[in-house]
Amino acid sequence: MKTKKLLARLADFMNKDRGTQREELEHIREVLKKLKKKEQRLREKLDADPDDEERRELEGKLEVVHAQRTKGLERVKALRENRRGTSADKFSET
Amino acid sequence: MQRILLIAVFLVLGYGLWASPDLKEIAAGVALFLFGMISLENGFKAFMGGALETALRRSTDRLWKSIGFGIASTTLMQSSTLVSLVTISFVSAEMITLAAGIGIIMGANLGTTTGAWLIAGLGLRVDIAAYAMPMLVFGVILLLNRSRALKGVGYLLMGIGFLFLGIHYMKEGFDAVQEGFDLAAYAVPGLPGLLLFTAIGMAVTVIMQSSHATLLVIITALAAGQVTYENALALAIGANLGSAFTTALGGLTANLGGKRLAVAHVLFNVMTAAVAVALIGQMAWAVDQISGWVGIAEDDFLLKLALFHTLFNLLGVVLLAPFVRPLERLLIRYVHFAPPPAEQPRFLFPESLKTPATAVTAVRNEVAHLYDNAHGLIAHGMSLRRRVIDSDASLSQAVRQTRRIMPLDVDDIYETKIKSLHSAIVGFIGEVHAREISEQWTERLYDLQQASRAIVEAVKATKHLHKNLSRYGVSPSPSVREHYDGIRVQIARLLREIGQLRTEEPGAVTSLSLDSLRLGLERSSMERMNSINRMIRDRQLPPQIATSLMNDEAYAHEIGEKLIDASRVLLQSDEPGDRIADERLALDEGDIERIARGSKPTADAPGETTP
Numbered sequence: 136m137k138t139k140k141l142l143a144r145l146a147d148f149m150n151k152d153r154g155t156q157r158e159e160l161e162h163i164r165e166v167l168k169k170l171k172k173k174e175q176r177l178r179e180k181l182d183a184d185p186d187d188e189e190r191r192e193l194e195g196k197l198e199v200v201h202a203q204r205t206k207g208l209e210r211v212k213a214l215r216e217n218r219r220g221t222s223a224d225k226f227s228e229t
Numbered sequence: 008m009q010r011i012l013l014i015a016v017f018l019v020l021g022y023g024l025w026a027s028p029d030l031k032e033i034a035a036g037v038a039l040f041l042f043g044m045i046s047l048e049n050g051f052k053a054f055m056g057g058a059l060e061t062a063l064r065r066s067t068d069r070l071w072k073s074i075g076f077g078i079a080s081t082t083l084m085q086s087s088t089l090v091s092l093v094t095i096s097f098v099s100a101e102m103i104t105l106a107a108g109i110g111i112i113m114g115a116n117l118g119t120t121t122g123a124w125l126i127a128g129l130g131l132r133v134d135i136a137a138y139a140m141p142m143l144v145f146g147v148i149l150l151l152n153r154s155r156a157l158k159g160v161g162y163l164l165m166g167i168g169f170l171f172l173g174i175h176y177m178k179e180g181f182d183a184v185q186e187g188f189d190l191a192a193y194a195v196p197g198l199p200g201l202l203l204f205t206a207i208g209m210a211v212t213v214i215m216q217s218s219h220a221t222l223l224v225i226i227t228a229l230a231a232g233q234v235t236y237e238n239a240l241a242l243a244i245g246a247n248l249g250s251a252f253t254t255a256l257g258g259l260t261a262n263l264g265g266k267r268l269a270v271a272h273v274l275f276n277v278m279t280a281a282v283a284v285a286l287i288g289q290m291a292w293a294v295d296q297i298s299g300w301v302g303i304a305e306d307d308f309l310l311k312l313a314l315f316h317t318l319f320n321l322l323g324v325v326l327l328a329p330f331v332r333p334l335e336r337l338l339i340r341y342v343h344f345a346p347p348p349a350e351q352p353r354f355l356f357p358e359s360l361k362t363p364a365t366a367v368t369a370v371r372n373e374v375a376h377l378y379d380n381a382h383g384l385i386a387h388g389m390s391l392r393r394r395v396i397d398s399d400a401s402l403s404q405a406v407r408q409t410r411r412i413m414p415l416d417v418d419d420i421y422e423t424k425i426k427s428l429h430s431a432i433v434g435f436i437g438e439v440h441a442r443e444i445s446e447q448w449t450e451r452l453y454d455l456q457q458a459s460r461a462i463v464e465a466v467k468a469t470k471h472l473h474k475n476l477s478r479y480g481v482s483p484s485p486s487v488r489e490h491y492d493g494i495r496v497q498i499a500r501l502l503r504e505i506g507q508l509r510t511e512e513p514g515a516v517t518s519l520s521l522d523s524l525r526l527g528l529e530r531s532s533m534e535r536m537n538s539i540n541r542m543i544r545d546r547q548l549p550p551q552i553a554t555s556l557m558n559d560e561a562y563a564h565e566i567g568e569k570l571i572d573a574s575r576v577l578l579q580s581d582e583p584g585d586r587i588a589d590e591r592l593a594l595d596e597g598d599i600e601r602i603a604r605g606s607k608p609t610a611d612a613p614g615e616t617t618p
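These protein sequences, in sequence, are chains A and B. Everything in the first sequence is counted per the working numbering, starting at 136 for the first residue and increasing by one. Everything in the second sequence is counted per the working numbering, starting at 8 for the first residue and increasing by one.
Worth double-checking, as some hints may not be accurate.
For each label pair, taking beta carbons as the anchor points, the in silico distance ranges come out as [said to hold, decoys possible]:
#1 E161/A / D595/B: 34 to 44 Å
#2 E443/B / G154/A: 25 to 35 Å
#3 D182/A / E438/B: 46 to 56 Å
#4 G154/A / S401/B: 48 to 58 Å
Listed below are the simulated DMTMM-like cross-link pairs for lysine to aspartate or glutamate, each with C-alpha atoms no more than 20 Å apart in a straight line [what the hints assert, rightly or not]:
#5 K169/A / E590/B
#6 K158/B / E48/B
#7 K426/B / E335/B
#8 K168/A / E582/B
#9 K172/A / E511/B
#10 K171/A / E590/B
Treat the hints as calculated values from the structure; they're not laboratory data. Every value quoted in this text rests on a predicted model; they were computed, and no experiment measured them. Don't be surprised by glycine CBs; every beta carbon is placed ideally from N, CA and C.
Bound-form chain B, shown alone:
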């Protein structure tokens, strides 16, 4: 469906660009403007390795602070979408409250109005294309640098340069259209016009995913006389409504907290738009009055539109700010998303109960299924994509490049993908035991049940670790960040190696390979604990963070141990000989600890005496 839509858009746009040189200029202007916004986002992301996060946490303990933060950050970044999406991820990670998130969204709505002032006040009066050129040149030179900070500045300069260039092309395009024919002839007066143009503004914003770009189109079209002032006001209201859709889309992928915030954003924007539509006459009158006081000329419709945009967003904030807490309570009480149905077992069927061998195979396959689910959850819990873990890409590099910890509702996934399967496995094993079976099969089933339990425990430890990882994982403090990076690399490597071993033929050598993973786990854990103790001794670490690090170290160790325990059962061959050899040769805790501490092996080197 999406592909067909894309082809249709390409065809229509292609024909339009071929038929009309003016449309080509306007479309190029919009494209450059959007590209400028993408560059700005990239630029800010380069500086977001903790700075924005720290600022966000400190600035959201009061409603006025949250609103102020929303205004300031959106004014600075010129993208309410970026600020809204970052806020959703923070609410999802429970780093800020829902009420603080709502405050930021309100502020972002107000902050985005500065764009209208920028375009109306500066963009169309000054030849900003002249400023764009040097910015692009310097931006590209900085972009070629290796330093991340300089690259970030390069992106920012290029972003502003492209924004300016986009505005210039749009202006030129509409000026040229003006000479050809008059779009304003299609203006619709009265309430139908108001509703129609609100819908158009909303649709254009949803398509361009940017209320800024829509405002640019509105203001340049208004400047060229291609749209009436009344219809432009309606378009601006529509642009605001459209921007809520972008956030709603972002909220869809977030957890319940993020979804609630997205609902709050849509509610806020719909209510603001409804008030603006209902009071459009009074608003227009207020704009005229205020314009008179601040010295905006009677016929300066551009600045009047910018004023209207600010005024109706301000009205929304003033009307709804006192109700943020009740709104939060209502959202928590009423917004519940139907939980996705719990995952059903794939291998546990009554037919499998016919013989002990088929029953054990079914349970083993189901435990492997459970392990696969846990693998994905733990990978995301470490803020790494599953495809990164399953590839040959450098894990250290992937971890180093993390700018934001992925929001993840571990409880939700635990209920639907882990607990449901574990319960089914335990239930099925109970049914097998009800039919008398030999000791050999009982032992196998016991091992598999323990493996299933180990997987569940690894997931539970992931939940605890993820909470602190969200808080300190991208900490501005290099030593804390390094510690969490170490934990993430360690667990990711473990998942990768176990994944690789599972593709090999089951047998003693395969399951014995797990001992080296256990050794790696012990060594890394010892090194990190030593490092924490050293930092505490040298007073480089506040005690609160030190205890969090220690707890998380224990969780990381538990995840590793439990995954190895479960994998040993899954990697064991059915051949009794292999199982005996595995049992005799596998290293026990004492052996691993001795090697990890660097003790020399006591026996002779085996190389020369191998039979």
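So that you can see chain A by itself, here it is in the shape it has in the complex:
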């Protein structure tokens, strides 16, 4: 990812209020659940001994779902850490 784009996203992220971040977290978790189910379905299809062409296709789809879930999890982790950090700041202020 380009540095400029990353910085923009970070700035955007930092400016968001907690409510928006919570909503985002929920949406991403929802989609991650669906993606996990999709991954399971793909694995079942792969176990059913498909022909070479279909196997290749399924493996490609699995790789993509895996990468998307990895990205999603990283985002969830960042959102959680940020929430914890914000809570800690507030606690120390009091």
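Model the placement of chain B on the given structure of chain A, informed by the hints.
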């Protein structure tokens, strides 16, 4: 209407066959003859995976070569219709010029006269049914083979066998009729007879879709004395006119080039027929003179009819051959078909402008409409029927079985079905922007406009790709063919998968599925580029073809990318949460490239840590 006509023909023919055993024999003869021609066509098609195409390209750079090719191929295939239709498809694909096409059609008209000689000279003198039987037996045995070439030979043998058997039955039928009553009593002399029998010959050929079959009927009827020599000459002229109608029908489905060739065919045959009718007395005299020189007996009307058939077609060629170039110029200048009206938008109405939400929905539906049109055009551009793409049938098999690339006028369809809608979408979005709307809607409209543009760009890339696909798509070189087959399967699969995703509920998971299509596109493209480079290194590919392959690879990649870009916008849900999740989880170019190159994912496996 067609159904009613078919039922009427069945009823009349059914009654006729029930009432007259002789008619049954004649009709069976015609049916077998036509079936023989269909088998012959099938046989030749089995060998047309490039051979005919290559020969056609090499043999049409001069007019005499084109005429010679038309004569030779029609003599060999015994079907001027097949040669004419193949020629139309080649002119449509701009692989040969219109003038070369006209030359081939002229030659085909001359080549078809060999059929008359075959039937008159051999068919009615020798017991050809005796030859038919072994051909049918061997043909069927070969047909049961798996090899395509052997199957092709089987079809050819069966085709000739059925042709012979058809001739035999016709002969028997007319001989039997002769014993019952005399059809020749209905002969009409003079000019009215000439015109009447020309019209009958034309009608019979249009119905049977074969001038060969008409000639067979004429010659056997003449041999049995059921038609006078004069009327038989008129029938032969009519048969020639009728064959032009079959080509004209074929030309209707072709593009402008093909249509021009069909017009040329009709013009050529009408002019030849007009000259033959006008000079019928002189022609008959010439036939008598030439018959005397070559030793055809005075009363051998069968061979004289065959000679007449050849002579008047030859006269047509001699008279019109010097005017092929001017005819080409005239056709290009004057034959323009009124373009079909441009497709109108289905969803963009002033009422939709009332709120930003309705306007965005209208634009989104219209972009989906545009995508549907592009889907059909690109499918045809890949020489695959839309119903094949939209089914579960094996795409690899459908592509492998392609014998001919479909002619397609991409420019024409672009103007009527793509550009008109794109312009309407851009115009409508402009009107929405004129009424101040929030940033959220502006962004949505911007995305939709980009999607519309991406569709247009995919179609433009299809146009370029289709041109080379017509040239090399069914190349006799296995490596080149394999490459184009790979491109076609790739794009067809993309169209199919996007089509399936569009039937699913819009949402983040649906639009995220497009990433795997992008990965497939990148991988296939990389593999094909590696293969091209390897072939260049090993000198298996001439540089000209290699550059075409590289360009086409780029076009194929662009088609895929643009279709995915457009689909992402169309598959996006209206739910803000879904859009955020889609934005966060979608893989970018770098991610896709890393996976395509086989790099291991850097993060931990997500399976165990999913929340």
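Status of the hints after comparison with the structure:
Against the hinted window of 34 to 44 Å, the Cβ-Cβ separation of E161/A and D595/B comes to about 24 Å, which falls outside the hint. A C-beta distance of roughly 28 Å is found between E443/B and G154/A, which places it inside the suggested range of 25 to 35 Å. For D182/A and E438/B, the hinted distance range of 46 to 56 Å is satisfied, since their beta carbons lie about 54 Å from each other. In this structure the hint that G154/A and S401/B lie 48 to 58 Å apart at CB holds, the actual value being about 52 Å.
Note on K169/A and E590/B: the hinted pairing holds, with a Cα-Cα distance of about 16 Å set against a maximum of 20 Å. Among the hinted pairs, K158/B with E48/B is consistent with the structure: their alpha-carbon atoms are about 12 Å apart, no more than 20 Å. Pair hint K426/B plus E335/B does not hold up; C-alpha atoms about 30 Å apart against a cutoff of 20 Å. In summary, the hint linking K168/A to E582/B is supported, as the alpha carbons are separated by about 17 Å, within the 20 Å threshold.
The hinted pair formed by K172/A and E511/B meets the criterion: a straight-line CA distance of about 16 Å does not exceed 20 Å. Distance check on the hinted pair: K171/A and E590/B sit about 18 Å apart at the alpha-carbon level, within 20 Å; holds.
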